[in-house]
Amino acid sequence: MQYAILCYHSEDVVCSWSKEEDDAVMAKLQVVQEPLVKAGKLGPIARLMPTTAATTLRKATDPPLVIDGPFAETKEQLLGFYIAEAQSLDEVLQIARDLGRANPGGSYEIRPIAYFQSKSGGG
Amino acid sequence: MDVGDIDRLLMAARPQAVAALLRNFRDLDTAEEAFQEACLRALKTWPGNGPPRDPAAWLIFVGRNVALDALRRKRREDVLPSEDLLSNLDDAEGEIVQHLDAAHYRDDILRLLFVCCDPVLPSNQQIALALRIVSGLSVKEIARAFLVGEAAMEQRITRAKRKIAESQVPFEAPGAVERAERLAAVATVIYLIFNEGYSASGGTAHVRASLCEEAIRLARLLLRLFPSEPEIMGLTALLLLQHARQAARLDTSGAIVVLEDQDRSLWNAAMIAEGLTLIDKAMRHRRPGVYQVQAAIAALHAQAKRPEDTDWAQIDRLYEALERLQPSPVVTLNRAVAVGKTQGPAAALAMIEPLAAQLSGYFYFHGVKGAFLMQLGRDAEARVAFDQAITRANTAAEASHIRAQIDRLIKDSERGGIATARS
Chain U
18 MQYAILCYHS EDVVCSWSKE EDDAVMAKLQ VVQEPLVKAG KLGPIARLMP TTAATTLRKA
78 TDPPLVIDGP FAETKEQLLG FYIAEAQSLD EVLQIARDLG RANPGGSYEI RPIAYFQSKS
138 GGG
Chain S
147 MDVGDIDRLL MAARPQAVAA LLRNFRDLDT AEEAFQEACL RALKTWPGNG PPRDPAAWLI
207 FVGRNVALDA LRRKRREDVL PSEDLLSNLD DAEGEIVQHL DAAHYRDDIL RLLFVCCDPV
267 LPSNQQIALA LRIVSGLSVK EIARAFLVGE AAMEQRITRA KRKIAESQVP FEAPGAVERA
327 ERLAAVATVI YLIFNEGYSA SGGTAHVRAS LCEEAIRLAR LLLRLFPSEP EIMGLTALLL
387 LQHARQAARL DTSGAIVVLE DQDRSLWNAA MIAEGLTLID KAMRHRRPGV YQVQAAIAAL
447 HAQAKRPEDT DWAQIDRLYE ALERLQPSPV VTLNRAVAVG KTQGPAAALA MIEPLAAQLS
507 GYFYFHGVKG AFLMQLGRDA EARVAFDQAI TRANTAAEAS HIRAQIDRLI KDSERGGIAT
567 ARS
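If you read the sequences in order, they're chains U and S.
Under this note's numbering, think of the first position of the first sequence as 18, with each following residue one higher.
Under this note's numbering, think of the first position of the second sequence as 147, with each following residue one higher.
Do not take every clue at face value.
[What the hints assert, rightly or not] Covered stretches of chain U (chain S as the covering partner; in silico rule of three or more C-beta atoms under 8 Å from a C-beta of chain S): (1) 18-31; (2) 40-48; (3) 58-68.
None of these hints come from the bench; they were simulated from the model.
If you're wondering where the values come from, they're calculated on a predicted model, not measured in any experiment.
A virtual CB, placed ideally from N, CA and C, is assigned to each residue, including glycine.
Chain U with its partners taken away, still in its complex shape (with noise of 0.2 Å):
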């Protein structure tokens, strides 16, 4: 099964971290990360750019409305996503747990795949 992992977290928060933290962070991460890419379970892996380069498109309506900004403002954001591929909740879990000792703090939210196509097609 394939999951996708949501990063939610508070960009004011995550904004806020200097280069030398955001390095340490994404240097931890990358330790974690590294074996489970290797083995085929973990990626894409994507991080956002901060939701004020957001742009919307509402398609209710015809032609469809572009507005700036994200499409919900909340409490934390999505910052980012992995593909993850598991045999089953728990082993993705423990994925989530992993990278999240490394990179504390916000929430994954956890939500397997029901269709995935890759670049290349299929997949």
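Given the structure of chain U, go ahead and fit chain S onto it with the hints provided.
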């Protein structure tokens, strides 16, 4: 949850919480003290229980109760409490904070920012007050950034607060025109905070960089409150694109490295990408403004892989647009640099000569003029211009940059001299 993260949550919640407390108590000192006390309680309870879902709402709720308790105590001590204080108090008590709507917050924060940007204050007081009240920097930190003593900074902030208390900013929700005016004033102060950090007029490189980062944080905050304002997108983009070059701007000895000589691999690619995204978003609105144009100019520099790839013709056109939006001799001076690249130093020199009277006290004018003269081989006049620049340098780094130019002049003339002797 570690203390560093709690500190960041408190810092992030600060503008919203102090702004709401200011609306309730209509007094900066009361709002600040209430927030401080709420933070102390947060530091006691959050590490054990974890932070609340809405840290700002929690801090407002606790801060308000703390301030009300203090006022009640004061009411008992005071023989004759003032009538309007009491009615304010009851209003505040009647309100429940659980559900605070976003629109309310937005005007609260804008008001708080605007209070600090009150036009009755000189700009150095505006900046100091915004850093103290909105950003929560300590007086010591602000003093260090401005290279003044702590006592002097304390005095500057106290004076600013006193003036604000007298000037009475209205607490009703502002109308559209007033909101736009406040937004423009606030954007200016954020820009000034950034410039204070960027222009290297005081403090260590580290302190200055943190001012730039604070300005970016405030710009992002403002943009989240007003997500479809193209000028706020432009401002945020401008700050990001300028700050992206921070690591390349000074060499190891602290001397300025001019744009052309900077190691572009040191530029922060993520900041540049974010800045470019914001410009893209802003352009869609087709409402150009000074920040958007300046950001577009910074973007052209950021996109050039090598100095010779810079699209100077487009930069010239953008400065022309900026001259129309905000006519100023400094803008023309900047445009002349682009003209120097596209049409040569003679055209550029002709462009800045009429500015001499207005910009005679300006370091950069004499530096640019000297550079044009040097390119034209008018070394003696170039030397005069560089000498004038040095006496007007604001920092050691600026002075040493000009001294390097003079050294080049001297070296060139020596080489020229030897060549002449040989021939």
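Results of checking the hints against the structure:
1. Closer than 8 Å: that is the beta-carbon criterion, and the segment 18-31 of chain U has 3 residues meeting it against chain S, so the requirement of 3 holds.
2. Remark: the segment 40-48 of chain U is not confirmed as covered by chain S, as 0 of its residues place a Cβ nearer than 8 Å to a Cβ of that chain, below the required three.
3. Against chain S, the segment 58-68 of chain U contributes 3 residues with a C-beta closer than 8 Å to a partner C-beta. That satisfies the three-residue criterion, and the hint holds.
Violated hints amount to a single one, hint 2; each of the other numbered hints is respected by the structure.
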